[in-house]
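Engineer: Now for the letters of each chain:
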Amino acid sequence: MINEKTLNALIALLLLAVPLIAWFLDEPFIITLATKVAILALAAVGLNLALGYGGLVSLGHATFFGLGGYSMGILASHAQTYTPLLESPFVLEGTNSMPVIWLTAIVISGLVAFIVGLLSLRTAGVYFIMVTLAFGQMFYYFAISWPAYGGEDGLSIYVRNGFPGLNTLDPIQFFAICYVLLMLVIFFMARLNSASFGLALNAARQNSERVQTVGISPFKLQLVAFTISGAVTGLSGALYADLNRFISPTMFSWQTSGEIMVFIILGGVARLFGPVAGAAIFISLEHVLGGLSEYWHIYLGAVLLLVVLFAKGGLIGSVFRKSVSHG
Amino acid sequence: MSTILLIEQLLNGIQFGVMLFLMAAGLTLIFGVMGLINLAHGSLYMIGAFAAASVATLTGSFVLAILASVVAAALFGAIVEFSIMRRLYERDHLDQVLATFALILIFSEGTRWMFGSFPLYLDVPEMLSGTVLLPGGIHYSRYRLAIIVIGLLVGVGLYLLISKTRIGMRIRAGENDREMIGALGIDISKLYTSVFALGAGLAGLAGALVGAIQSVQVGMGEPVLILAFVVIVIGGIGSIKGAFIGALLVGVTDTLGRVLLPIAFGSFMETSQAASVGSSLSSMLIYLLMAVVLLFKPSGLFGRTQS
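Protein sequence lines, in the order shown, are assigned to chains W and E. For the first sequence, the numbering used here begins at 1 and goes up steadily by one. For the second sequence, the numbering used here begins at 328 and goes up steadily by one.
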C-alpha cells in the first residue's frame, strides 16, 4: 500500500514523462494533449481551494477562466494590430509578453473573484451554487453581445505570446512552462493548507460556529480563499487561450464551470493532486471515447454517473478510503 | 416609442415570465420537497419539446402534441427519479450537481443520436395563429396570449393542488419535515416520484409551448434552466409564490431591458454604439437584478431564512 504522497509524486512524474516520451517519438499531438491536461488541472487546482478545502461549491469558475482568457485575448489582439487599448487618461499598449499577461489575468480575475465572493458569500448552500452559476452566465452573455472582441464568434490570436528565452511555439517548451506553473501553484497550495490560514479554512468548512466562537471570521477566510481560487483559475484561462490561440464566450459558459468541477470530483475532492488526476482522466476519456463514437458524450455521462454513484471520493479518495466532507 | 409597442413588449415579457414559471415551479418544488438540486431539469424541457414536435408531425394534432410533451417528460422524470435520483437524496449537493450534469450529457447526446443535429419545427395550430385585437387597439399574437392563459391556469391549478388537496398537504408536509411524514405512514418514495414527475411534466409543457415560437433543438434546455435558477433565487427557493413573482419579474425585466436600454443609451450616444452597449447591458440585466435582490434579501423575496 502506497501513501498519498507517493501517489502524488507518481502522478506528477507521469504527467512529465508522457510528453517527454512523445517528444522523443516526435508525436506533437500527445504533447499538446498533456499541455491541455496541465492547464485544465491548474484551473481545477484553483477551484479545489474554494470547493474542496473551503467547502464552497462554486459552479461559476468559468467566470475566472474566461476572464483570464479574455485578458490574454484583449492584450494580444491590441499588440497584434498595434492599436493602444486606452489613449486617455494615459496610453495603455497591448502586449505579447506572457508574464505581463499572466499578471493581468491574475489581478483581474482575482479582483472579480473578490467582488463575486463578497456578494455570493452572503448566501450559502444551494443559493451559493446558483448565484455563482448566474454570475458566470452574466459574463457569458456579456462576452456574446460585446462585439469589440469578436462577440459570439470569438477572436483568434495568430502568434502565441512570448516568454523571455523560450520558443513558445515549440510544443515541448510551451508544455514546460505550463507544467512548471502548475507545480509552483500546487506547491503554494500545499503550503497554504498547512499554514494557519488553511487550517482555519478547513475548520470553517467543518464547523463554522466553532470557528466564529474562537474569534475568527469564516466569511473573511472564505472570501480570501475564493479570491485566490479565482485568481489561479484566471491564470489557467490565460494559458488555455495561449494553447488554442483563440478565445470565445464558451470559456465563460456554465459547461466549462461544470467540467472544471468534474475534474476535481473524478480525481478526489480536497486532495492536493486530485484535480491533476481528474483532468488527466477526463482528457484521456475524451480522447479515447471521441475516437470510438461520434456520440461519446453519452459514454462520458455514463462514466461520470457511475463515479458519483459508486466511487465516492474520486480516484485518489477511493485509493485511500478516507472521505473528506464537503459542501 | 409608442405606448402600443410598449404594452406589446410588456405582454411579451409576461409571456416569457409565465413560461419561466412552468420551469421554475417544478425546479423549486423538487428542491423544496426533496432537497435535490436538479441540473437536468432543462433536459426534461427539451424532451417535452421533442416529444411534441414528433407527435405533431405524426398526427398533425397540436393538442395531442402538448399532451405527449407532458406525458413524455413526466415519464422520463419518473424513470430518472426511480433509477438514479433516489440514491442521491442523502448525498451532498456536490454529488447531485455532478450526477445531474452527467444526465445532461446523456440526454443531450441521446437526443442528438435519435433526431440528428438539425432543429425540428412545431407549427402553431390554425386556431391559435394570427393576432387578436385587445382593448386599446393593440394587435397581439393569439398564440402568445394563449401561453399566458395556459401558464396562469397552470399556476392556479398548482396553487389549488398544493393548498387544497391531500397530495398537496403531503407535499407541504414533506417540505417541512421529511421524517414526520414517513412516521405518519405516508409512502415517501411514491410521493417523491410523483413530485418529480409533476415537476418534469411542467418543464415538458413549457418546452412544447415554446417549441412553437422558437425551434426545437438539442441544448435548448440549458439557457432556460439557468434563467429558472435565477427566478427561484430571486423568488426564494421552495416557494411557488416566489417562483411566480420571480418569473414575471425576470421575464418583464429581460424583455423590456432589451427594448428600452438601447433607446435610453441612444439619447446621449451614437446610435450604433448605443445599440451595442445597450444590448450588452440588457443581457446582464436580470443577473444584476438577482445580485441586488440578494444584497437585501440573501434568501430571496419569499424564501425562508437560512439556518
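Since the hints were made in silico from the structure, they are not lab data. A few of these clues could be false.
[Said to hold, decoys possible] Reference listing, derived: stretches of chain W covered by chain E, where coverage requires no fewer than 3 residues with Cβ under 8 Å from a Cβ of chain E: (1) 114–125; (2) 216–222; (3) 245–251; (4) 259–271.
By construction, the Cβ of each residue, glycine as well, lies at the ideal position given by its N, Cα and C atoms.
Engineer: Now look at each hint and say whether the structure bears it out.
Structural biologist: Status of the hints after comparison with the structure:
1. 114–125: Contact hint for the region 114–125 of chain W vs chain E: holds, 6 residues under 8 Å.
2. 216–222: violated (count 0)
3. 245–251: Answer violated; 0 residues pass the 8 Å Cβ test.
4. 259–271: holds (count 4)
Going down the numbered hints, you'll see the structure goes against 2 and 3, while the others check out.
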